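Chain A is already provided as a structure; the job is to place chain B on it using the hints.
Number of protein chains: 2
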Amino acid sequence: MNAAARLSREGNHSIKFSIITTDADARLGRITTERGVINTPSFMPVGTNATVKSMSPDEMKGLGAEILLSNTYHLYLRPGHEIIRQVGGLHKFMKWDGPLLTDSGGFQVFSLSPLRKISDRGVTFRSHLDGSTHFLTPELVMEIQGALGSDIAMVFDECTPYPATREYALNSLRLTTGWAARCLKARVDGGRQALFAIVQGGIYRDLRRQSAEELVEMDFDGYAIGGLSVGEPKGLMHETVNYTARLLPRHKPRYLMGIGDLLDVLEAVAAGVDMFDCVMPTRNARNGTLFTGRGRISIKREEFRSDPSPLDPDCGCYTCRNFSRAYLRHLFMSREILSMRLNTLHNLHFYLEFFRKMRKAIEQGRFSSFRKAQTPVLRNNFHE
Amino acid sequence: MNAAARLSREGNHSIKFSIITTDADARLGRITTERGVINTPSFMPVGTNATVKSMSPDEMKGLGAEILLSNTYHLYLRPGHEIIRQVGGLHKFMKWDGPLLTDSGGFQVFSLSPLRKISDRGVTFRSHLDGSTHFLTPELVMEIQGALGSDIAMVFDECTPYPATREYALNSLRLTTGWAARCLKARVDGGRQALFAIVQGGIYRDLRRQSAEELVEMDFDGYAIGGLSVGEPKGLMHETVNYTARLLPRHKPRYLMGIGDLLDVLEAVAAGVDMFDCVMPTRNARNGTLFTGRGRISIKREEFRSDPSPLDPDCGCYTCRNFSRAYLRHLFMSREILSMRLNTLHNLHFYLEFFRKMRKAIEQGRFSSFRKAQTPVLRNNFHE
Numbered sequence: 304m305n306a307a308a309r310l311s312r313e314g315n316h317s318i319k320f321s322i323i324t325t326d327a328d329a330r331l332g333r334i335t336t337e338r339g340v341i342n343t344p345s346f347m348p349v350g351t352n353a354t355v356k357s358m359s360p361d362e363m364k365g366l367g368a369e370i371l372l373s374n375t376y377h378l379y380l381r382p383g384h385e386i387i388r389q390v391g392g393l394h395k396f397m398k399w400d401g402p403l404l405t406d407s408g409g410f411q412v413f414s415l416s417p418l419r420k421i422s423d424r425g426v427t428f429r430s431h432l433d434g435s436t437h438f439l440t441p442e443l444v445m446e447i448q449g450a451l452g453s454d455i456a457m458v459f460d461e462c463t464p465y466p467a468t469r470e471y472a473l474n475s476l477r478l479t480t481g482w483a484a485r486c487l488k489a490r491v492d493g494g495r496q497a498l499f500a501i502v503q504g505g506i507y508r509d510l511r512r513q514s515a516e517e518l519v520e521m522d523f524d525g526y527a528i529g530g531l532s533v534g535e536p537k538g539l540m541h542e543t544v545n546y547t548a549r550l551l552p553r554h555k556p557r558y559l560m561g562i563g564d565l566l567d568v569l570e571a572v573a574a575g576v577d578m579f580d581c582v583m584p585t586r587n588a589r590n591g592t593l594f595t596g597r598g599r600i601s602i603k604r605e606e607f608r609s610d611p612s613p614l615d616p617d618c619g620c621y622t623c624r625n626f627s628r629a630y631l632r633h634l635f636m637s638r639e640i641l642s643m644r645l646n647t648l649h650n651l652h653f654y655l656e657f658f659r660k661m662r663k664a665i666e667q668g669r670f671s672s673f674r675k676a677q678t679p680v681l682r683n684n685f686h687e
Numbered sequence: 304m305n306a307a308a309r310l311s312r313e314g315n316h317s318i319k320f321s322i323i324t325t326d327a328d329a330r331l332g333r334i335t336t337e338r339g340v341i342n343t344p345s346f347m348p349v350g351t352n353a354t355v356k357s358m359s360p361d362e363m364k365g366l367g368a369e370i371l372l373s374n375t376y377h378l379y380l381r382p383g384h385e386i387i388r389q390v391g392g393l394h395k396f397m398k399w400d401g402p403l404l405t406d407s408g409g410f411q412v413f414s415l416s417p418l419r420k421i422s423d424r425g426v427t428f429r430s431h432l433d434g435s436t437h438f439l440t441p442e443l444v445m446e447i448q449g450a451l452g453s454d455i456a457m458v459f460d461e462c463t464p465y466p467a468t469r470e471y472a473l474n475s476l477r478l479t480t481g482w483a484a485r486c487l488k489a490r491v492d493g494g495r496q497a498l499f500a501i502v503q504g505g506i507y508r509d510l511r512r513q514s515a516e517e518l519v520e521m522d523f524d525g526y527a528i529g530g531l532s533v534g535e536p537k538g539l540m541h542e543t544v545n546y547t548a549r550l551l552p553r554h555k556p557r558y559l560m561g562i563g564d565l566l567d568v569l570e571a572v573a574a575g576v577d578m579f580d581c582v583m584p585t586r587n588a589r590n591g592t593l594f595t596g597r598g599r600i601s602i603k604r605e606e607f608r609s610d611p612s613p614l615d616p617d618c619g620c621y622t623c624r625n626f627s628r629a630y631l632r633h634l635f636m637s638r639e640i641l642s643m644r645l646n647t648l649h650n651l652h653f654y655l656e657f658f659r660k661m662r663k664a665i666e667q668g669r670f671s672s673f674r675k676a677q678t679p680v681l682r683n684n685f686h687e
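Heads up: the sequence lines are chains A and B, in that order.
Whatever position you read off the first sequence (first residue = 1), add 303 for this note's numbering.
Whatever position you read off the second sequence (first residue = 1), add 303 for this note's numbering.
Don't take each hint at face value.
Put simply, identical chains are the same to the list, so a pair is met inside one copy or across any two.
Unchecked claim - Distance condition first, Cα-Cα at most 30 Å in a straight line; then the derived DSS-like pairs of lysine-lysine:
hint	residue 1	residue 2
1	K398	K603
2	K660	K488
3	K555	K488
4	K603	K663
5	K603	K395
6	K537	K319
7	K398	K364
Bear in mind the hints are in silico, worked out from the structure with no lab data behind them.
Please read these numbers as outputs of a predicted model, since none were measured by experiment.
Here chain A stands alone, though its shape is the one from the complex (with noise of 0.2 Å):
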């Protein structure tokens, strides 16, 4: 673990990171990457199958997205990551020169596939595509990740379930702990891909600092909070979030995966949380739900079949810009492709647009009162 720990301390840091201000625990922050700069707190939209449903990258650059999220489970089975490597890597795949962190694949295997061995060596599962059988061990996400040539890699990790006894929550910390090493060690490039490991230990405080100063001990790149959002009450969650982010590294970014309820986001935030993904505005888009600066919008409603009115009249996106919720109602009702895409386009611009105003408030030093007075507007998108 030292070899290691200090191999990477020796590497070429692909990622800088500095903290521009901060306001209480709140961070703004600078990511700085080869493809370009992320602004903390930021938000990563999902781009699952090396592509965000819906958008093309021109779009997303459009948006302001700075960095994307793409999955190494998804692409590992399909196309698979040969076929990426072979043909220049995932940024030039998807046509995105911009940042990429790519996901690991534990919580995939934990949420997606019908059967899973976990063993040290690694883990069995069935591909939710064909049901053929794979075998992801640390070594082998680290080579995926290596060919798609993401910016930002995670570690493997195991997704402690929620419930899960102490006694299984603290063997799946070791497993990940073990398996974070490994991945340390497995660096293909001498560090030019930047590695972040991912706390565990489930709603247990003892567990998650000792994940936590273990893999801090480890020196990584970045440090994420894994294992939430997996069924446990969102007080619990809140705690775990508050209590883990105090425990991390100052000066490495710091990422809370797959949350994006944004209440739940601006307690994170006030944590000192710097980075995010979720597929809540795209998949919600899909279905017809939308984010407003007055709350959350059904499409689908009777009462928008003949309103001549933008979808948000606050919202400056290309959606709201251009067509009424009469349009938008048509389009989803007829189930027609246009549907998807501008509820996409609309749900995004509102997380960006949020993630640029929520940057902009710690800047100024105004992040408390500028939580209070988003909260309502959350509580009616959010926990309607």
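Same frame as chain A, but now just chain B:
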């Protein structure tokens, strides 16, 4: 009929058609509308439900589409023409400020409705959406198209099936001619909306002549050839187009409805046809069938798995400039929405570019050699 004819002659014709040059019987023309110029021969992409499937109106502009077609039948059933009227008409609804042509619904009643009952008064049919019963008359069809506010409306017609006895075709023709007169009478806007008649008559030359003569007498703004590509052999279709086109007035636009095989288009343009519409480029795109300068490509084929080259190296569309066959195959296999977008964009570009080339060839008096040169490529695209 004479009263109606007079009314039409005295109305403000919203379109002006001029022939710039001819090359044998092929015509290079220009339709001037209040919303813009349509260069002919013109291809009209189909936007059935007030959207060209998967495309944004901006993208259609970018592709160089000069006119879109939308469907009266579909928009009458959903969302309903009164709703579109309330929100300011179809252009505003779908945010397309260029010219629009609306099909009258005759063909859709024929091809989509599980039940139809035809009388002199009109057609009773069942909605393909919910099975509800509706009664379309020439007057209602004009009312609907008036509410939509298209630049070019089509008369309500009965699409004569194939095969049909002479007796059936004659009766169908009588209906269509009578309905055309009623449509002309039912114009509500004093001629601001152009109105095209539809020549029927099946495969019977004398009936096509009778139909054309009766309709020409009524003086419409343009003339369509309908009732083709409904199952008749290609040779018979070409013969009918050739024969019928020459019966139509020289100084009015001629529109061959629903034909999109570009070999048929070349044949029709040679016979003096000016306007076309077809779902071939868009529907094929969504099924992964792509037209290229080297023949048709089915993007799902195994051989493209790791092919880094563009779909069509000679194509300048967004898809070909940015993405590899490997990526397009991956998107298609993953049923990603972006697959349908990129494919549709390419196929529409292929069509619109083909029409641009065709116009250039007529302009330069080399349509015949253009046709000869294009034939092998088109065979590889349309008759493999």
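Hints and how they fare:
Taking CA atoms no more than 30 Å apart as the test, K398 paired with K603 passes between copies only; the shortest distance there is 20 Å, against 33 Å inside one copy. In this homomeric assembly, K660 and K488 never come within 30 Å of each other (Cα to Cα): the closest approach is 39 Å inside a single copy and 59 Å across copies. For the homomeric pair K555 and K488, the shortest alpha-carbon distance inside one copy (20 Å) is at most 30 Å, but the shortest distance between copies (76 Å) is not. For a Cα distance limit of 30 Å, the shortest separation of K603 from K663 qualifies neither inside one copy, at 34 Å, nor across copies, at 46 Å.
For the identical chains of this complex, K603 and K395 are inter-copy neighbours only, at 20 Å across copies versus 37 Å inside a copy, given an alpha-carbon limit of 30 Å. Taking the closest pair of Cα atoms, K537 and K319 never come within 30 Å of each other, the shortest separation being 33 Å inside a single copy and 66 Å across copies. Both within a single protomer and between protomers do K398 and K364 lie at most 30 Å apart by alpha-carbon distance, with minima of 11 Å and 23 Å respectively.
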